[in-house]
Amino acid sequence: MNKDKILKLAKGFRGRSKNCIRVARERVEKSLQYAFRDRKAKKRDMRALWIQQINAGARQYGVKYSSLISGLAAQNVGLNRKMLSELARTEPLSFKALVDQVAHMRGLSAPHAGAALK
Amino acid sequence: VDIMAAAMSTSACTASTKWCSTRLRVSQPFKAGCIAPPRTHHTAPRSTGSQLTCRAAAAEAVQEATSDRDDSQVPSYAQNVPASYTVVDIGGHQMIVEKGRWYEVNRLEAAPGSTIRLGRVLAHKANGDIRFGTPYLEDVAVHAKVLDHMQGEKITVFKYKPKKHYRRTNGHRQQLTRFMVTEVLEGQEAGEAPVAVVDENPAAATEEAA
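Protein chains in written order, with the working numbering: chain A, 1 to 118; chain B, 1001 to 1210.
The set of hints was computed from the structure by calculation and includes no laboratory data.
All the pointers check out, no bait thrown in.
Lysine-lysine pairs mimicking BS3-like chemistry, simulated, CA-CA at most 30 Å apart:
#, chain 1, residue 1, chain 2, residue 2
1, A, 42, B, 1154
2, A, 43, B, 1154
3, A, 40, B, 1161
4, B, 1164, A, 8
5, A, 3, B, 1163
6, A, 5, B, 1161
7, B, 1154, A, 5
8, A, 3, B, 1154
9, B, 1163, A, 11
10, B, 1159, A, 42
Whenever a hint applies, use it, and build me the whole structure from the sequences.
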């Protein structure tokens, strides 16, 4: 990459890193390495977030994430974790119905919202 | 098992301009305890089939309806939920699609201007009920018109190992397709509606239109 491209990528950097090519080149290369690494890490992070959201939503109704996922897989529901977390956030009644169905299938009692999970 | 879901139908789902016509974005983290209060409860009978429909017990719905949580506690991301949408599996991603909106996905093998049918429907919400397919809903047909093919923004892929004399620089532009959902048909209409393009290829699991 020539100097102009590097300095354009270095916009917003701190100090001489945005003005002086010798310093900017190092910082820009580092930023591109981070971008490569984090493009892959973002997918992992989002999935972890969805799992946390599904877990929180399911535990409100007394079902753990692991039970919910295995129960949905047994019933061949194809929704992935992104969609399940979206359901849990915006359609709580439908998510509750899914959770209740899994709880019913596994023979667990389905306590109402607010019950503590043992 | 035949169960039905009572979806939370928000009041006055406004026109489609409020919902961004782009891919699904996960906005805010889920806050346990912020459950939106139920507005209505529908128990319309559903035809049996290979779909999984959830039924919320009337007693539970009544119990939740009597809670004294008011509308101000509904989180912002749970407001203005569309009254009807479909969850489809396309382009390697699952996304929520509505009629009349356009979406960008990975490149589809369909010519621009052609009509395709999105075959893998995972869930469908309409008339206050959400139905989940096991794994797919066969009686929901989502027709979409391929608008055009394009490439995404260029991404610079830079690989570097220090002290090993290794560095690679490549550019990458993702091949994308933009399509607009023209109609969503259910039940009787889904089977009878003609599709403008060749039928789905059931052998290939990752193609939507041959």
